[in-house]
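A.B. asks: Residue-level listing of the chains:
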Amino acid sequence: AQSVTQLDSHVSVSEGTPVLLRCNYSSSYSPSLFWYVQHPNKGLQLLLKYTSAATLVKGINGFEAEFKKSETSFHLTKPSAHMSDAAEYFCVVSGGNNRLAFGKGNQVVVIP
Amino acid sequence: DTEVTQTPKHLVMGMTNKKSLKCEQHMGHRAMYWYKQKAKKPPELMFVYSYEKLSINESVPSRFSPECPNSSLLNLHLHALQPEDSALYLCASSQVPGANNEQFFGPGTRLTVL
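Those sequence lines, one after another, are chains C and E.
Everything in the first sequence is counted per my numbering, starting at -19 for the first residue and increasing by one.
Everything in the second sequence is counted per my numbering, starting at 2 for the first residue and increasing by one.
Worth flagging that the hints you see were computed from the coordinates, not collected in a lab.
Glycine included, C-beta positions come from ideal geometry on N, C-alpha and C.
A portion of the hints provided could be inaccurate.
Stated by the list, open to error - So the derived label-pair ranges between C-beta atoms look like this: (1) E:HIS78 - C:ILE91: 42 to 50 Å; (2) C:SER8 - E:SER60: 17 to 25 Å; (3) C:SER60 - E:GLY15: 46 to 54 Å; (4) E:ARG64 - C:LEU26: 25 to 33 Å; (5) C:VAL89 - E:PRO62: 32 to 40 Å; (6) C:THR52 - E:GLY15: 46 to 54 Å; (7) E:GLU4 - C:SER(-8): 27 to 35 Å; (8) C:LEU26 - E:ARG111: 18 to 26 Å; (9) E:LEU115 - C:SER8: 16 to 24 Å; (10) C:SER6 - E:MET28: 30 to 38 Å; (11) E:VAL97 - C:GLN25: 36 to 44 Å; (12) E:SER21 - C:THR(-3): 43 to 51 Å; (13) E:VAL97 - C:LYS38: 21 to 29 Å; (14) E:PRO9 - C:HIS19: 16 to 24 Å.
Work the whole structure out from these sequences, hints included.
C.D. replies: Written out as structure tokens, the structure reads:
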């Protein structure tokens, strides 16, 4: 079965500084991996996805993530945080049972 | 149209009421999903419809009854709910069934059961 670990349930960053959200996964299959963002009282929006093509994946709003099979990681980064980046971020892994496995999420706070 | 829409946005109901949540997509997607999300938690899968047929029921209590009238519409019928069922209910769709395909989420219905 697949699973996802997101450390640091709360992350505080200053506006204009880099953002790093860590994600480690476990999967019995060659996984697809996703990062979703959820702003307060909103649905989930796909930031980016990895599906066995390029290991460095670029997403929307300046986010990118690197798939490292040897480390079973898919960390999300952004060079410069913006106030609008304050939200909940979920790392998600697919598996062979038609289900997604969600991490517990990172609550990102951006300090002006 | 790349949106999943959900109505209503908010719903307050008593434990004896019957209500329905509605979800719609016009992207031609053939898989649709219901999730339940409690505060500060990730979404939990409830049901999956593949080509308008129920393919996954995650042991959801029978007071939740899904329905897929056609490929664009997904309903969730609610009856005799409990206060612990209060949550954000999210609908999602994907082009075809299979967890490797990205899911597009609607904005959710915030349900409060009194």
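A.B. asks: For C:VAL89 and E:PRO62, compare the CB-CB distance with the range 32 to 40 Å and indicate the outcome.
C.D. replies: This hint holds: roughly 36 Å between Cβ atoms.
A.B. asks: Take the C-beta atom of C:LEU26 and the C-beta atom of E:ARG111, compute their distance, and say whether it sits inside 18 to 26 Å.
C.D. replies: With a Cβ separation near 22 Å, C:LEU26 and E:ARG111 satisfy 18 to 26 Å, so the hint holds.
A.B. asks: 42 to 50 Å was suggested as the range; check whether the CB atoms of E:HIS78 and C:ILE91 agree with it.
C.D. replies: 44 Å, holds
A.B. asks: Confirm or reject the claim that E:VAL97 and C:GLN25 have a C-beta distance inside 36 to 44 Å.
C.D. replies: 21 Å, violated
A.B. asks: Is the gap between the beta carbons of E:PRO9 and C:HIS19 within 16 to 24 Å?
C.D. replies: 20 Å Cβ-Cβ, so the 16 to 24 Å window holds.
A.B. asks: Look at the Cβ atoms of C:SER60 and E:GLY15 and judge whether their distance stays inside 46 to 54 Å.
C.D. replies: Since the Cβ atoms of C:SER60 and E:GLY15 sit about 49 Å apart, the hinted range of 46 to 54 Å holds.
A.B. asks: If I claimed the Cβ atoms of E:SER21 and C:THR(-3) lie 43 to 51 Å apart, would that claim hold in this structure?
C.D. replies: 46 Å, holds
A.B. asks: With 21 to 29 Å as the target window, see if E:VAL97 and C:LYS38 comply at their CB atoms.
C.D. replies: At roughly 24 Å between Cβ atoms, C:LYS38 and E:VAL97 fall inside 21 to 29 Å, so the hint holds.
A.B. asks: Holds or violated: 16 to 24 Å for the Cβ distance of E:LEU115 and C:SER8?
C.D. replies: The hinted range 16 to 24 Å is violated for E:LEU115 and C:SER8, with Cβ atoms some 43 Å apart.
A.B. asks: Cβ-Cβ distance between C:THR52 and E:GLY15: within 46 to 54 Å?
C.D. replies: 47 Å, holds
A.B. asks: Please check whether E:GLU4 and C:SER(-8) have a Cβ separation lying inside 27 to 35 Å.
C.D. replies: 32 Å, holds
A.B. asks: Does 25 to 33 Å hold as the CB distance between E:ARG64 and C:LEU26, or does it fail?
C.D. replies: Hint holds: Cβ distance 31 Å, inside 25 to 33 Å.
When each numbered hint is compared with the structure, violations occur for hints 9 and 11.
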